[in-house]
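Chemist: Heads up: the sequence shown at position 76 corresponds to 76 in this note's numbering, and the numbers run straight through without jumps.
Treat the hints as calculated values from the structure; they're not laboratory data.
Glycine residues also receive a C-beta, built at the ideal position from the N, C-alpha and C atoms.
Hints are not guaranteed to be accurate.
[Stated by the list, open to error] Now the in silico label distances, taken between C-beta atoms and shown as ranges:
hint: 1; residue 1: G26; residue 2: S82; range: 34 to 44 angstroms
hint: 2; residue 1: P70; residue 2: N50; range: 29 to 39 angstroms
hint: 3; residue 1: G26; residue 2: N52; range: 32 to 42 angstroms
hint: 4; residue 1: G126; residue 2: G53; range: 29 to 39 angstroms
hint: 5; residue 1: L114; residue 2: N34; range: 20 to 30 angstroms
hint: 6; residue 1: G126; residue 2: N52; range: 31 to 41 angstroms
hint: 7; residue 1: P125; residue 2: G53; range: 11 to 21 angstroms
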Amino acid sequence: MAGTGGPAPPPVSGGRATLKTATIGGVTVLTNANGFTLYWFGPDTPTRSNCNGVCAGYWPPQTGSPTASPGILGKLGTITRSDGATQITYNGHPLYTYVGDTAPGQAFGNNRNLNGGLWHEATVPG
């Protein structure tokens, strides 16, 4: 899953984070500013991330202050993670990227049962 050095630490909070959309496998998904697919984790709640420590190394939280590109329907928000970082939420789901996605347009984390629960790409209604 990760490189030989193990998972990277989660990113620090701060700054604006522009969210976009992309069509991957015929589905419109939410992406970060660099075009990487964003995911949500089944065990999370609208106010709490349940992906910390090693989990957050493989599934880095999308942090910062969210800005939506045109066409993104749904509610953006934030939560405060256990480490104090501000994590972006979409329709009540904290958002993450996946280290297995090495380029924009990939969604290798979709429907994976890892780190204690099921992961889903964040889909955007069309």
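Chemist: Would you mind marking each hint as holding or not holding in the structure?
Modeler: Here's how the hints hold up against the structure:
A C-beta distance of roughly 36 angstroms is found between G26 and S82, which places it inside the suggested range of 34 to 44 angstroms. A hinted range of 29 to 39 angstroms holds for the C-beta pair P70 and N50, which are about 32 angstroms apart. A beta carbon spacing of about 33 angstroms between G26 and N52 agrees with the range 32 to 42 angstroms that was offered as a hint. Here the CB-CB span from G126 to G53 is close to 36 angstroms, well matched to the stated 29 to 39 angstroms.
In this structure the supplied range 20 to 30 angstroms holds for L114 paired with N34, their Cβ-Cβ distance being about 22 angstroms. At about 33 angstroms, the beta-carbon gap between G126 and N52 stays in the expected band of 31 to 41 angstroms. Take P125 and G53: their Cβ atoms lie about 33 angstroms apart, and the range 11 to 21 angstroms is violated.
Going through the hint list in order, the structure does not satisfy hint 7, though it satisfies all others.
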